[in-house]
Amino acid sequence: MSAPPEDQQERMVEALLFASAQPLGLQDLARRMPAGSDPAEALRRLRTRYAGRGVELLRVGDAWAFRTAADLGFLMQEEVVETRRLSRAGTETLAIVAYHQPVTRAEIEEIRGVSVSRGTLDQLIEMGWVRLGRRRQTPGRPVTFVVTEAFLDHFGLASASDLPGLAELRASGLLDSRPGAMPGLAPDGDGADMSSDTPGDDLFGD
Amino acid sequence: MSAPPEDQQERMVEALLFASAQPLGLQDLARRMPAGSDPAEALRRLRTRYAGRGVELLRVGDAWAFRTAADLGFLMQEEVVETRRLSRAGTETLAIVAYHQPVTRAEIEEIRGVSVSRGTLDQLIEMGWVRLGRRRQTPGRPVTFVVTEAFLDHFGLASASDLPGLAELRASGLLDSRPGAMPGLAPDGDGADMSSDTPGDDLFGD
Amino acid sequence: MNPTPANTDSIPRPDEALIVDVPGYDGPLDLLLTLARTQKVDLMQISVLALAEQYLGFIERARSLRIELAADYLVMAAWLAYLKSRLLLPPDPQAEGPSAEDLAAHLAFQLERLQAMREAAARLMGRPLLGQDRFARGAPETVAKLRATRWQAGLIELMQAYARLRTRDEFRPYAYDRRDIWSLEDALERMRRLIGHAGDWTDLMRFLPDGWTATPARRRSATAATFAASLELARQGRVELRQEAVFAPISVRPR
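Just so you know, the protein sequences line up as chains A, B and C, in that order.
Counting from 1, one number per residue, gives the positions in the first sequence under UniProt numbering.
Counting from 1, one number per residue, gives the positions in the second sequence under UniProt numbering.
Counting from 1, one number per residue, gives the positions in the third sequence under UniProt numbering.
For reference, chain A alone in the conformation it holds in the complex (with noise of 0.2 Å):
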């Protein structure tokens, strides 16, 4: 039995690297070609034949391999997306920048009742749910905050405006809950709202 033509060894050996699990040296590759074969002439044939391309046949050692090009390594990472909750710091201050917006911090923090820390609006403009507006045209010129086109998609409105009013909320039932059960909320890893939160406010509260 002769030896296949080289351009079905070619075949061969492309196969067989590609299949293996390990690299294959040219012992590993004659043994398993047929008789008389010249894997090292298949070789030089493939390595000439994938140059440049996306995936190149490297040597590893003794033995041979097909592995992704070097300057496409970047393809081969994934993003694992992962989700977190927001603090309660932050879905407050959400809140009001959503109902009252453009606000400013003093504006928020005359509403929360408690200073803002200067990580939560970080974090929500980082998030992409909250920019800077125009300065207020007042003494100071503080700046103001507003939400943004990510904010309303994320929560599926149209506008800030279509948040439902005070009133609306208190008829659909959702003042019913209280401070402090609310669902799902994480607690509040803010440090400096929590240290600001004096503990008295709810003590005497009904």
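Think of the hints as simulated: they come from the structure by calculation, not from any bench.
Just so you know, nobody snuck in bad clues.
Covered stretches of chain A, going by a simulated chain B footprint (3 or more residues, C-beta under 8 Å):
(1) 2-12
(2) 16-26
(3) 65-72
Treat the numbers as computed from the prediction; the structure is a model and nothing was measured.
In this text, a Cβ means the ideal position worked out from N, Cα and C, and glycines have one as well.
Starting from the known structure of chain A, arrange chains B and C on it as the hints suggest.
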């Protein structure tokens, strides 16, 4: 950022498909490539490039994969995966699902003339070759069974319409159902014309 | 459940062999198909009458050999006996339902269809199979995972958070909170002033300031502060405290 040039996109698809043991769909590819890429065109180019090679680009339903050429299988005896042998009931049931899909259990029983034993469909589903299709919109809304992408991949079929002999079987009316007149066999009571459900219709739709 | 049968594609065997193989048949239709092949004709040309006789003869011999037959086989035998009689008798013009010829044609169709599916299954299994003849990449390259965070917040949570803030303002404005607190300092000052006027044991509650007993919140705050003040005065040795029983009223008198 504009999409990479076509030859770069071709390299990217090549790298992604080489790296994966599973077929990847157009969406999988597009998701991992730079924005604006056109994996479909890249696939077309790659398919031409790999035609006749030791490794070939195959369509598997709506997805694509590199697989070694079938004629070189004899070289890869070390890579052979030992699979559970399907019983005759298993292979017949699989063929009935493939050729008659979407098909109900009652229809499978009508064709085989025996009730489908519990394990048979379970085994096919467990092997990933059969899955549930849409419910038939007939009285009782029976569940239907269809073959999967893994089935196509295993048997080297680009789509369910490439099943061997499908056209002849359809032409000879053997994929039609007729009013059952046999005793003790499940009647094809829902009267649905199975031939009107083109195989493949339901295959990847949901 | 379905034992692997003897190879039914082989040449038809003598009756004795067939009988021995009965448990290997995959139901009456499978047995009929095997019998039909002995006619060596295209299944569409098959003589259903002859097939019915073959089947009935087979069942008869199986019974005489005391081979247990599943109910399916007997039901099929009864139906074929009926079909046979219908096929032999002249058609009854009054009869309703399908004619004997229709029934026979349907049986032939079922046999042909089962045969077709068997052949299809064999062709499928004869294809170059993944993992047998065709192979996937043996060393798939792992995909590195990059972490990205997606923030989750629901509209309901957002609205509730806002409602919580606004209702807190409505009912308990921040500035009013202070007005509802009777401080320890206030209570101490008041008790020092009043204790000299109390001759003997006096209920502690009588030291609560005017206007602090109407609402529960104010009453609670004033009670707590006054009680704390009485403890402080007792520590200083200026008053004595007395309580007759657990939760009984607390009395105070100067020392």
